[in-house]
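Knowing the structure of chain F, use the given hints to seat chain U on it.
Number of protein chains: 2
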Amino acid sequence: MPSIDELAISTIRGLAVDAVSAANSGHPGAPLGLAPAAHVVWKQMKFNPQDPNWINRDRFVLSNGHACALLYSLLVLFKYDLTVDDLKQFRQLNSKTPGHPEATDTAGVEVTTGPLGQGIANAVGIAIAQKQFAATYNKPDITLSDSYVYTFLGDGCLMEGVSSEASSLAGHLQLNNLIAFWDDNRISIDGDTAVAFTENVPERYRAYGWNVIEVKDGNTDLEAIANAVKEAKKSTDKPTLIRLVTTIGYGSLQQGTHGVHGSPLKADDIKQLKKGWGFDPEAKFFIPNEVAEYYAEHVAENQKVQKEWEATLAQYKQKYPKEGAEVQRRLDGKLPEGWKKHLPVYTPADKPLATRKLSENVINALHGNIPEFIGGSADLTGSNLTRAEGSVDFQPPSTGLGAYDGVYIRYGVREHGMGAIMNGIAAFGANYKNYGGTFLNFVSYAAGALRLSALSHHPVIWVATHDSIGLGEDGPTHQPIETLAHFRAIPNLSVWRPADGNEVSAAYAAAIESTSHPSVIALTRQNLPQLEGSTIENALKGGYTLVKGSDKPDIILVATGSEVSISVGAAEELKKQGITANVVSLPDFFTFDKQSYDYRKSVLPDGVPILSVEVMSSFGWSKYSHEQVSINRFGASGKAGDLYKFFGFTPEAIAEKAVKTVNFYKGKEVFSPLDKAF
Amino acid sequence: MPSIDELAISTIRGLAVDAVSAANSGHPGAPLGLAPAAHVVWKQMKFNPQDPNWINRDRFVLSNGHACALLYSLLVLFKYDLTVDDLKQFRQLNSKTPGHPEATDTAGVEVTTGPLGQGIANAVGIAIAQKQFAATYNKPDITLSDSYVYTFLGDGCLMEGVSSEASSLAGHLQLNNLIAFWDDNRISIDGDTAVAFTENVPERYRAYGWNVIEVKDGNTDLEAIANAVKEAKKSTDKPTLIRLVTTIGYGSLQQGTHGVHGSPLKADDIKQLKKGWGFDPEAKFFIPNEVAEYYAEHVAENQKVQKEWEATLAQYKQKYPKEGAEVQRRLDGKLPEGWKKHLPVYTPADKPLATRKLSENVINALHGNIPEFIGGSADLTGSNLTRAEGSVDFQPPSTGLGAYDGVYIRYGVREHGMGAIMNGIAAFGANYKNYGGTFLNFVSYAAGALRLSALSHHPVIWVATHDSIGLGEDGPTHQPIETLAHFRAIPNLSVWRPADGNEVSAAYAAAIESTSHPSVIALTRQNLPQLEGSTIENALKGGYTLVKGSDKPDIILVATGSEVSISVGAAEELKKQGITANVVSLPDFFTFDKQSYDYRKSVLPDGVPILSVEVMSSFGWSKYSHEQVSINRFGASGKAGDLYKFFGFTPEAIAEKAVKTVNFYKGKEVFSPLDKAF
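Here the protein sequences come in this chain order: F and U. When you line the first sequence up against the UniProt record's numbering, it's residues 1 to 678, in that order. When you line the second sequence up against the UniProt record's numbering, it's residues 1 to 678, in that order.
Pairs count within a copy or across copies, as identical chains cannot be separated in the list.
30 angstroms max Cα-Cα, derived DSSO-like pairs, lysine-lysine:
id : residue 1 : residue 2
1  : Lys639    : Lys271
2  : Lys645    : Lys623
3  : Lys676    : Lys660
4  : Lys623    : Lys657
5  : Lys639    : Lys266
6  : Lys645    : Lys88
7  : Lys319    : Lys46
8  : Lys676    : Lys645
9  : Lys79     : Lys275
10 : Lys230    : Lys43
11 : Lys639    : Lys657
12 : Lys266    : Lys351
13 : Lys357    : Lys266
14 : Lys676    : Lys576
15 : Lys575    : Lys541
16 : Lys284    : Lys639
17 : Lys666    : Lys548
By construction, these hints were calculated from the structure, which means they are not laboratory data.
Next up, chain F with everything else stripped away, as it sits in the complex (with noise of 0.2 angstroms):
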């Protein structure tokens, strides 16, 4: 007779070896091996499936994605909001379960993975938070977060350097509230991990700082994951890998070989399987009565755990009125009222300034005024100006440097793994609205981690500083030329690039409010003049036409960032020659393409040929012009001012190529680039 424990673990892997199998698709083999690991550890962790969202559960972080048949699995068996018929439609188009986790469609996952080595990297922002939230609010007589952070991971997500980076940090910051459990089974895609890594992982791990625990035999020594689970969580400063020696694919006549990772079982694997659980072989989706109440009495158990948790919320806010009020407020998802105020307001009297600094301006005013606004910058601080002033450093006290309620996060030179811990702070919950400071140039090394901050709609922030050649002398290894079309190609990303300090503040004002789609602020190195005529408000359209040079202009010349003052001067040229410019500026594509057509339409009308003025690629900016002004070529090292004439933005030469393409459309018929077919 097997033990309930081992019914139950049976009934995972049945469950999601017969997802693999209805799919015809997916991955059985890490399923079959982490199983036990799963249910030892979920057993004890602290969640509530009718309420996925309550702030102090114990989270569970699949990096290794592609195993996500087993946490489906999970969540039908915790009858989360999922069923066997949703495990019937695995890897269908519209199900709630699809190829990979992803947060955005099922409750019970917290962060979209796949992609390997983010989703340990997300457990790490994940920790993170959980530190920040509890060093802020808990209270020497009351404790309203204590969470654990769980994650599973592969040797690929080993592998993968943004895995490293998140690791390096996770020890520095000494993160005790994290447990990741490393599937060591040797196998990967091509085989025996022996053709391609065979690094000392526990070495690696210790000298990151963590706590490394091992299991040899995670196919069936309950009690010792069990155990290893206990000992990690008597850390005090250290976060824990448990290696867990496992069988890709325990059971399965193909066990330990990698041919049992990506592809279905044969139907006559399964059924010695199931015939080796003790189950009838031809049954499927089967969940024997005593494994549905065995769990049922674990969800019972942590209702009640949640319960108690709300009582002491309450007797929180009795005793701490202020700070249970704004605990409340984060929970509920709303900003302080009234904190657009704080928001730095400029006239055309004002200094012109480097749009990083008028980021600052932001930051520091916003500082204090929105605790749940925190942020860092990957070892740029100075460059980025990212820190706002009297700002406390989120440390371990230990380290003198800082302290855990501390608000803002020293990265280190880790682009990759900052972009996928904001993610992860994004996803811990208790409306954390968090910034990265780094090089626009640079936010591409985390491109993988952007890409998802935007599928699963976390609202981070980058602010992306020495945002163009403007930066000079670094040259081109730092001067974006197509990152901004990447960045705009991406779907659910602002990508902002502010003229001036009205329009900056108009970025974090759209950036902050934020629930369902990241931005990307890019800021200048070199100083820009405050615009007559922008307006937090104008800005907020994403696009408006800052210079009306008449009702009907002879051209329109439509520019962003530090390109608008300057296409603001060939205006004043064009008119000298007689010729009539509007020009608009056009901050955040996303934002100005959720305008109304009429309004879009007001500003890039029919009838006058529109130019693009932007000192990168014109590549996409044929959706809003007609003809560009761009730098289709990598940049070059010099001053700032000697590379702006080399490449043809001075007032002059855009004047010039306006007046080309105002001929060029002269006597044709000119349509607005914003009409489309359909």
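Here is chain U on its own, set in the frame of chain F:
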């Protein structure tokens, strides 16, 4: 009296400091700290400034590229094609001394560095290439290749994930020809590395399988540095990391602080430095004669070494005429004569195949015919189909898994590391044409390396399979949407998306013949028919009219890859409705843009509305089309066929949009998008 070595080191330091000062921009800290190690290393390196591409030279890679004033000073002192006048133009537009080292601009700069972490990964690639070259051509009695690669890296490089990936692989591959110096100065831009970087680096590198040597005083202990190099060279099966403890800005009044990292020294500080070295504090760019002579001696010795090597090569050619001819051919940068005749050619009678499979056919056909055509996959060999039948893995012989003359590299799940390593292999020389496979979506993980391939003119090849929603069930985390827009916006990058077998052969033909640009070849998971009208010659134009519906069609459908055959189907649908359509296949924008205006205009003429069809973002397509069938959202998990239907990529759905397009433009004057005002 300072020793000649001390004098030389002071000279390096002086030149670097003066260059930064002349530019009033740059990084003096690292050159001051690293000058002693640079001097010791270069004094024993094998290279010839008169012949900087000599294949058996030792290579030096400055991974912390911001320290380039150090590198330029060395190049001046060793009399590469760089002078004090060039140093005076440091960081100025069009100088040979840009703000970060650029291999395309300056003889003696091995690879373009600056983006942190890349250089050390490039060095791993160089080491791989050297091992492969040596194992392929060295004979028991004649050694043609035995060079080392040295690299300097800072804390920033060590924090980046790309260096972790490459370092782990270097350990696995036992690259004992790689010697890395970690400039352990405990300072990064955010200040003390204690704020973010407290891991135990030596332990981590030991865990990777490296040899770690400590030099406690890198500021003055020249003997210890020299001994460390000697010891490193004794390693038979491990790369070496030399931990070099230095003081950033050594000797400056600001030494040991981040104030000395990225800003020029004050005039007074420079004076006191020079005084300390026994130099005239007012003299700039001072090179004592004895230092010039000292370095000249080393160069003279090295030139003798190269002469001897040339004699060895001559002897080799006599004794091993076949290999000798091959070596010479490769050194001349010529591909084997007639190699292109091996490229597979197809007719519509051939069966439908996935383009990834057609790519495998090319790789199989070229394997053995082009010895310098080597490559691998980031742990997706069975999916990318990148391994030629019967090829040997590049592995340390002791593993029993392959040999150093193997041509197939098991990169592990390390896309960014792979990208940077590929750049290093290309940088080694000997005509290496190397490729790396992963899913198209995960080439984005390597965005940082990819843009450097393009900037540095490395003809590397990405075999990017599973190139769209056509991959099916893996879902949106794996399905590229923005990816082609991103890559097409990168200057100097070919982005092929072939539609059938002939186009796949064309993509490889162009990619392998390239000497100055990298290529991404996007390939399907799903089968595609062999098209009527496709030929290698046609495809080599980057775009061509595949189906000529009429001389003056009602509409042109322009598509790439898997959407070409669907568009052919749409044209047939349209014909039934009395609408004539041309179908244009546009497999590579970059190549198409290089064709004559007349040719391009013949493909995309005036007077016909053009509808583009591609299963991803429309961003950038307005460059060639008036209207777009595209996907401007993330994909979905489901069967490929279901997804194509759901997203409207069937002949019928496209025909419907084509009809709308024809109607929309009826009566309007339609201009080719190719025509521009300037």
